[in-house]
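So the protein lines, in turn, are chains W and X. The opening residue of the first sequence carries number 55 in our numbering; numbering runs sequentially from there. The opening residue of the second sequence carries number 11 in our numbering; numbering runs sequentially from there.
Hints listed in this document are in silico derivations from the structure and should not be mistaken for laboratory results. This structure is a prediction, so every number in the text was calculated from the model and none was measured. Hints should not be assumed to be uniformly reliable.
[Claimed, not checked] With a Cα cut of at most 30 Å, we get these calculated DSSO-like pairs of lysine-lysine: (1) W:K284 - X:K34; (2) W:K277 - X:K117; (3) W:K262 - W:K564; (4) W:K76 - W:K284; (5) W:K532 - W:K632; (6) W:K63 - X:K34; (7) X:K117 - W:K76; (8) W:K418 - W:K352; (9) W:K334 - X:K85; (10) W:K73 - W:K277; (11) X:K34 - W:K193; (12) W:K564 - W:K532; (13) X:K85 - W:K284; (14) X:K34 - W:K73; (15) W:K63 - X:K117; (16) W:K564 - X:K144; (17) W:K284 - X:K134; (18) X:K83 - W:K262.
[What the hints assert, rightly or not] Ranges of calculated distance between the beta carbons of each label pair, as one might list FRET restraints: (19) W:G598 - X:E142: 38 to 44 Å; (20) W:L525 - X:E142: 47 to 53 Å; (21) W:E325 - X:G107: 47 to 53 Å; (22) X:F113 - W:K76: 49 to 55 Å; (23) W:G432 - X:E142: 36 to 42 Å.
Don't be surprised by glycine CBs; every beta carbon is placed ideally from N, CA and C.
Chain by chain, the residues:
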Amino acid sequence: MLPNGYAGKILRIDLSDEKISKEPLNMELARKFIGGKGLFGKILFDELTPRIDPLSPENMLIFATGPLTGTLAPSNRAVVITKSPLTGTFLDSYFGGVFSQELKFAGYDAIIVQGKAKDLFYLWIDDDNVELRSAKNLKGMETSRTNSRIKDEIEDNTIKIGCIGPAGERLVRFACIDFDIHRQAGRGGAGAVMGSKNLKAVAVRGTKDIEVADLDAHKEAVKEAHVALKDNPYTSLGTSSSVSFANDQGFFPWRNFQDQTFKEAEKLSGEAQRDRIWIKRRACYACPIRCIYISMLKRGAFSGVVVDAIEYENAGMLGASCDISDTEAVAYSNYLCDELGLDAISAGNIVGFVMECFQKNLLKKEAVGFEFKFGDFGAQMALIKMIAMREGFGDVLAEGVMRAAQRIGKGAESFAIHIRGLETPAWPPRGSPGMGLALATSDRGGCHQRGWPIGYELGSPTPYGETLDRLTLSGKPKIVKWEQDFLSALYSLVECEFSRSMLNANHYCKLLNTVTGFGIEADEYMKIGERVWNLVRAFNVREGFTRVQDTLPQRFMIEPLPSGPAKGHVISLQDLNKMLNEYYALRGWDERGVPTQDKLAQLELEGVLNQIRMEG
Amino acid sequence: MKLVSHSENCTGCRICEAICSAVKENTINPRKARIHVVTAYPGIVDSPVACRQCDEPPCVDVCPVGALNVDQKTKAILVDANTCIGCELCVNACPYGAVTIHFYNRKKTARICDLCHGDPSCVKWCPFAAIELKT
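Based on the sequences and whatever the hints tell you, model everything.
What follows is the structure in structure tokens.
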């Protein structure tokens, strides 16, 4: 362990020849890119062969921590980095819980997995002792059973495990990785990459000390952050506190985004969940926010099942987008996704899409096996299982909504709601041009976590003191750029975005500096974020993504919003182009959305420049 | 003076373990803490467990070398690391599983909550009052 929060070591696994090696962390690179998205995104950029098939042995799967992981710092998390089988872009998928801290305590900043094993294996890391073990007896097993079976085998229930379910094994393109337990690296299909490598799980026991640069100052900085984080909105109701807000403001996706308000949203709200299903609050390692609610279903067919609470996104996608408001049913579908190892956002999006196919008579009962109407939660659950098992029509849907719509044809593409292949989450952009730009330019496709300008558009002053008008375009590219830079730095620390509503760059710098001794100020924090965002853009340019792909689903661009405060709004192609032009100019990118030589040089990314120049 | 757990408030975040190791061992390592969060699968029950300062502590009775002593002021059990031989009898004797063994200078030594001499850090750091100091 190094005296600066880093373990100082990377664990590298080549599954093809079952080779395990350890290498020192490059501290010069770490000073420049910090950790998480930045540092290990750089390693992915440098090492991954461009344009490979994401499900081929050549792809890399990186479980990465940051310098704050495992320290006293609140809300520290970790990330899985790979090339997405859903989008073909860079993928960084974050997860909370307790796994990444254990990895650091075992003495590693990251695990880099390459190749493909000949049989199903799991990786067992016991401090310095690392071995591959047969996972034949875990084949096809759900996530929580996989978790408990490995704990039985190791005879220690304090070890931490990340694993895939049956969906990951079957290469469902939106399979997630489940970490101890039901904390998901959800989006973009990292679970399919893990499945393609024949790696069922990673189990860790770590007993070493993490050393920080100045422990007393670190304690002070954390205390200060704890005070600031008191009364965080997520502390009282978790993410479901957003349900009523989103519905009132017209951002809650009803019937595959046909509208953005749901009459029965109330039944999925935090208040309804608290009355019906919540039994226990939990938190990730050392986090004072405690956004997790363990729930127990007490009514109807699902009685007795212990599940996670319905997070905002799941309420939106498995609930409203499928026109389902039954609290227990949505919670159970969410549980199915967790257990089978599916990203619940993508799964909900796809089920809603299939329901619309039936509504429009593009699909018939014979094709799917049963009648499929909006609001039918029995059909939803059956379809989720079919997708995870790739049974019947589920095999088509397991490819993601973009590919499924292409297979179905007959104009189905026009209501397949995705960006670059990643199913769009429950923050649709009609009524928020800034959100439209943030989604269109998000590095991993349809994702709301690379910038969330909605709050500013509804009246909060920007961090640089401007106020924005909700529906005009003015000032939107600037705030989207700011959000992306700020979050890219946050994701390099690696800190949870739920802490940012109460903490600012100065808080994060203080936490970072007391751990690492780097002496980074807020200005440099933002510059690191910009560097990381440009690095990832360069990765995507190298994979063939430019302005053409910076776009929105057709529905958001031509179908006026039927109801809500922003009734009638669309983000027209003209509006989007206007925002993109201004955004690229602010970014220092050319009109194709490619970072310019000057910009990359200014961000000290010279090596990156040669790479994208080669790609032309 | 006693530490009392309120498991209904505990979120299982283990900041008590982390801060205990920071204060007592000058490092961050939850496994070296003198307090531990016991979690019942699948996370429905979390409870911080530390020494309860029994009136007649079996760990003190069972120690063959007299390394454990009761602090007269706080009633906490104090471990004399120089005398302790790491035999683990106290670990087995404790009915609450509150004693752990760790290595100090490569020597196995018992580790028991000493109430931070009357001002426990875990109580101050728990964000949700899951640990209380009763006097």
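Against the structure, the hints:
1. Of the supplied pair hints, the one linking K284 (chain W) and K34 (chain X) holds, its CA atoms being roughly 26 Å apart against a limit of 30 Å.
2. Between K277 (chain W) and K117 (chain X) the alpha-carbon distance is near 34 Å, which puts this suggested pair outside the 30 Å criterion.
3. Between K262 (chain W) and K564 (chain W), the direct Cα distance comes to roughly 24 Å. Compliance with the 30 Å bound is thereby established for this hinted pair.
4. Pair hint K76 (chain W) plus K284 (chain W) does not hold up; C-alpha atoms about 41 Å apart against a cutoff of 30 Å.
5. At most 30 Å may separate the alpha-carbon atoms for a hinted pair to count; K532 (chain W) and K632 (chain W) meet this at roughly 13 Å.
6. The hinted pair formed by K63 (chain W) and K34 (chain X) meets the criterion: a straight-line CA distance of about 27 Å does not exceed 30 Å.
7. Our distance criterion of 30 Å between C-alpha atoms is met by K117 (chain X) and K76 (chain W), whose separation comes to about 29 Å.
8. Restraint check: the Cα-Cα separation between K418 (chain W) and K352 (chain W) comes to about 35 Å, which exceeds 30 Å; the hinted pair is violated.
9. For the hint pairing K334 (chain W) with K85 (chain X), the CA-to-CA distance comes to about 33 Å; that exceeds 30 Å, so the pair is violated.
10. At most 30 Å may separate the alpha-carbon atoms for a hinted pair to count; K73 (chain W) and K277 (chain W) exceed this at roughly 43 Å.
11. Between K34 (chain X) and K193 (chain W) the alpha-carbon distance is near 44 Å, which puts this suggested pair outside the 30 Å criterion.
12. Distance hint between K564 (chain W) and K532 (chain W) is fulfilled; the C-alpha atoms sit about 26 Å from each other, no more than 30 Å.
13. Straight-line distance between C-alpha atoms of K85 (chain X) and K284 (chain W) comes to about 34 Å, which puts the hinted pair past the 30 Å bound.
14. Of the pairs offered as hints, the one joining K34 (chain X) and K73 (chain W) is violated, with about 39 Å between alpha carbons and a cut-off of 30 Å exceeded.
15. For the hint pairing K63 (chain W) with K117 (chain X), the CA-to-CA distance comes to about 27 Å; that is within 30 Å, so the pair holds.
16. A C-alpha spacing of about 34 Å is found between K564 (chain W) and K144 (chain X), which places the hinted pair above 30 Å, so the restraint is violated.
17. For the hint pairing K284 (chain W) with K134 (chain X), the CA-to-CA distance comes to about 14 Å; that is within 30 Å, so the pair holds.
18. Distance hint between K83 (chain X) and K262 (chain W) is unfulfilled; the C-alpha atoms sit about 34 Å from each other, more than 30 Å.
19. Distance hint for G598 (chain W) and E142 (chain X): a CB-CB separation of about 60 Å, inconsistent with the stated range 38 to 44 Å.
20. Checked against the given bound of 47 to 53 Å, the beta carbons of L525 (chain W) and E142 (chain X), roughly 52 Å apart, stay inside it.
21. Taking 47 to 53 Å as the suggested C-beta distance range, the pair E325 (chain W) and G107 (chain X) does not conform, at roughly 39 Å.
22. Distance hint for F113 (chain X) and K76 (chain W): a CB-CB separation of about 23 Å, inconsistent with the stated range 49 to 55 Å.
23. Under the hint 36 to 42 Å, the C-beta atoms of G432 (chain W) and E142 (chain X), about 48 Å apart, miss the expected range.
Comparing the model with each numbered hint stated earlier shows that hints 2, 4, 8, 9, 10, 11, 13, 14, 16, 18, 19, 21, 22 and 23 do not hold.
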